[in-house]
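Given these sequences and hints, build the entire structure.
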Amino acid sequence: MTVFITSSGHFLPGPPIDNEQIEPLLGLVHGKPSRLKRRILQSNGIKTRHYAIDANHNTTISNAGMAANAAEHCLSNSFLGKRQIKMLSAATSQGDIVLPGFGSMLQAELGLSDIELHSSHGICSSSMMALKAAFTNLLAGEQPNALVVASELTSRLFKASRYEAAGSELDFNAEFLRWMLSDGAGALLLETQPRGRCFRIDWIRSFSHADAYPVCMSVGYPGDNPQNRSWQDYATYAEAEAAGALLIRQDVRLLENIVKLGVDGYLRLISEGRVQPDKVDHVLCHYSSHYFRGKIFDMMQRAGVGIAEHKWYSNLYSRGNTGCASIFIMLDEFRRSQHYQNGATILCMVPESGRFNNAYMQLTVVEA
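Its first residue numbered 58, the sequence shown is counted upward by one per residue in the working numbering.
To be clear, the hints were calculated from the coordinates, so they are not data collected in a lab.
Each residue gets a CB set at the ideal place from its N, CA and C atoms; glycine is no exception.
Nothing false has been slipped in among the hints.
Quick list of in silico lysine-lysine cross-link-like pairs, DSSO-like style, CA-CA up to 30 Å:
#	residue 1	residue 2
1	LYS336	LYS368
2	LYS368	LYS317
3	LYS352	LYS104
4	LYS104	LYS317
5	LYS317	LYS352
6	LYS94	LYS216
7	LYS89	LYS216
8	LYS336	LYS352
Label-pair restraints from in silico Cβ distances:
#	residue 1	residue 2	range
9	GLU221	ARG95	19 to 27 Å
10	ASP75	GLU313	22 to 30 Å
11	ASP259	ASP321	16 to 24 Å
12	TRP260	SER394	24 to 32 Å
13	LYS104	GLN395	16 to 24 Å
14	HIS347	LEU85	24 to 32 Å
15	SER394	ARG252	17 to 25 Å
16	PRO271	GLN395	35 to 43 Å
17	ALA295	ALA365	50 to 58 Å
18	HIS87	GLU424	57 to 65 Å
Encoded structure:
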């Protein structure tokens, strides 16, 4: 059995927001401008991004709503209608509600009936895990097609009121992601037959290092002792919020490991015979910040397995870092806007800093 990506789509809420508009929209914490914003934005290189909240901090569209829009965009360019979809595999870091699963909420939003359902929970690599679940389902002959959707709505966590509720001091680890993450959704349609010019999935592989590294990115731990107490262990939600346990955090001291582990996975794939660097025509890598781009190139080059810089495609600078949705949005925009030939090989890479899970995929352009 062979599996193909036959269609794709994405959705980005609202107008693009430039670097000068971010803080007025998200709000000044305790009425004071950030001392870190400019430094972080210079490092990540992002120029514009999209938010699903307005200047009054009203949510303009739900996470499930964004995901549904991306799915509809994908299906509008496909050979299938909604009634023909047999599996829905969905991914997000945080749904609109804690329970039930994000896939269930998206299924209801789309009005899909009698489908096989999968929800993938994680951070950036959860989209690739959702894709792998659908890919293996089709490989096993269980279903003829699957709709895979990834969506992130992080801006609700970045309202000034969230930080003010956690006390007077705003530590670097809590503020860092405020200038890094934004909202959006992407969708892919998988089928067991090619349609026009499409992408054959050659393989999907991931390496998790959760046993060897502490938590690097999280929501649910307080800032003072991050792995000692969960937000659910507090007597009230108000106490958990006051302790900063509901803030999204990045342990920046651990973040440098993401490049080393990402390149290590790439080297393992070469040793397994899955990747041949000289035969890779395009690279789509979800590096979360421009800061990491040069480091990735340098480490690959020093290992003697570099891939020419002109082969790398990214929309980070105009679309922002949309977490697990990034790789799907990137692949959709690559598919629509870039030149690629029949038989071309596309290597996709998603390093995740949550607890360091790195996912990889190889595609080949085919013509039906």
